[in-house]
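Colleague: Chain residues, written in single-letter form:
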Amino acid sequence: MKALDPVTLATPFFILSIIGEIVLARLGKAKANYETKDTAVSLGMGLLSGSAGLLTAGAAAAASIWVYKYHLFNIPMTAVWAWVAVFLLEDLTYYWFHRLSHERRFWWAAHVNHHSSQHYNLSTALRQTWTGGIAGTWALWLPLAFLGFPPAMIAIQKGISLVYQYWIHTEAIRRLPRWFEAVFNTPSHHRVHHARNPRYLDRNYAGILIIWDRMFRTFQPELDEEPCRYGLVKNLGTFNIVRVAFHEWIGIAQDVVRQPRHALGYIFGPPGWSPDGSRETSATLKAEWEARQAAELPKTRVDIAA
Amino acid sequence: MNQAFLIQTAASAAAVAVLVGLAAWAKIAKPGSPLDDARARALLAEDFPGRTIDELWVAVDGKGALAKSGATALLLCELGDGYVCRQIPWAQALAASFKDGRITVNLADVGAPKAVIALTAWPPKPPPAPTDLAA
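Those sequence lines, one after another, are chains A and B. In terms of the numbering used here, the first sequence opens at residue 1 and continues consecutively. In terms of the numbering used here, the second sequence opens at residue 1 and continues consecutively.
I should point out that these hints are in silico values taken from the structure, not numbers from a laboratory. Any given hint could turn out to be false.
What the hints assert, rightly or not - No farther apart than 25 Å at their CA atoms in a straight line, the calculated lysine-lysine pairs in the PhoX-like style are these:
| hint | chain 1 | residue 1 | chain 2 | residue 2 |
| --- | --- | --- | --- | --- |
| 1 | B | 63 | A | 37 |
| 2 | B | 30 | B | 63 |
| 3 | A | 234 | A | 37 |
| 4 | B | 63 | A | 234 |
| 5 | A | 37 | B | 27 |
Make the full structure from the sequences, and use the hints.
Modeller: What follows is the structure in structure tokens.
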């Protein structure tokens, strides 16, 4: 039986919606910026990520099937409650996968390329990792199989989540109704996630439901007074797709070779970690920004008083 | 590898080519004009907030800038319709090769291998000594 793959089914929608976004922006009807080389890198990453994923997909599927052999409960794929449960648990798993992918350098090395564009448009959504399978984050979904969700059900739900997250990579949609913004991940919430402004760093990890960020205190709303600046804290200076895909891995290797006794810190510390603290992590950047804000606040108060 | 996968990949590659072509045709990159002093300072301030700029050299083609901030050189280079910043020791910037009106700085960074900035001359002339001013 051929498995249902939401991503493959959605591919024509991906193509048509990018055409739509470009044409509407060209006509001045929607906000979107596309730069040719940036678009080529994003779409090239997306095109080849599928092939790269195949290298480890077999191992991931085999692990899932093996774990499922020892499952705790019999969860039927035909029950509505089972789909509700897998939706919630898969989305919670995604939140922690995504948070790990930002907060620990080993997994950031696989995820960084998705954030490497200075643009935020539908093509950015397809700037997908080539090394996610090797980084082994698929293991985070194994507990769902152990609980008793059939591996095919988990795979379908992961696909649905990926397709959902596609359409939120746009500046064309400003804000959605308040109830929707309160519960779901939206273009506005995800713009914050892709921003490099210190205030916005390491925020809004959600997949489909933004409630996890609210629950685990990583939520940050988009503020009109602080427009998002997209990309990395240290933006890439190249459109070379191989460098985009592997630069952080090479950076880790260089650091470990240079200072092997700090290997664990360089590999599993937060991105930007260094033994002497000479580099900047998200935490230090945020702390510096907060200190500047605090220093500027009294000045502003004096100005107002004057 | 099965035939369906190859057909799917080939069709996707063709779609990518069409979309990239469409993006090029649309000319909807971020609006930008050659850098001037104020814009270069603003962009450097985004990446290096709170840093004092002692001196600034904006590229003659408006596609980059180099600033001295204490013992550090701040580099700003255009990439597509965006910009990339890096900092290096000032001595390294002074030693950068200058050829055909461009300085080329090897950044030793996989994500940004080099910076190329068009300047009229490099290294900059040292400021006149105080005795010269008195004369």
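Colleague: Is residue 37 (chain A) within 25 Å of residue 27 (chain B), Cα to Cα?
Modeller: holds, 12 Å
Colleague: So if I understand the rule, the pair passes when the alpha-carbon distance is 25 Å or less; does residue 63 (chain B) with residue 37 (chain A) pass?
Modeller: holds, 17 Å
Colleague: Measure nothing beyond the straight line between the CA atoms of residue 63 (chain B) and residue 234 (chain A); if it is 25 Å or shorter, mark the hint as holding.
Modeller: holds, 18 Å
Colleague: Do the alpha carbons of residue 234 (chain A) and residue 37 (chain A) lie within 25 Å of each other, as the hint requires?
Modeller: Roughly 19 Å separates the two Cα atoms, so the pair holds.
Colleague: Does the alpha-carbon distance linking residue 30 (chain B) and residue 63 (chain B) stay inside the 25 Å limit?
Modeller: holds, 14 Å
Checked against the numbered hints listed earlier, the structure breaks none of them; every hint is satisfied.
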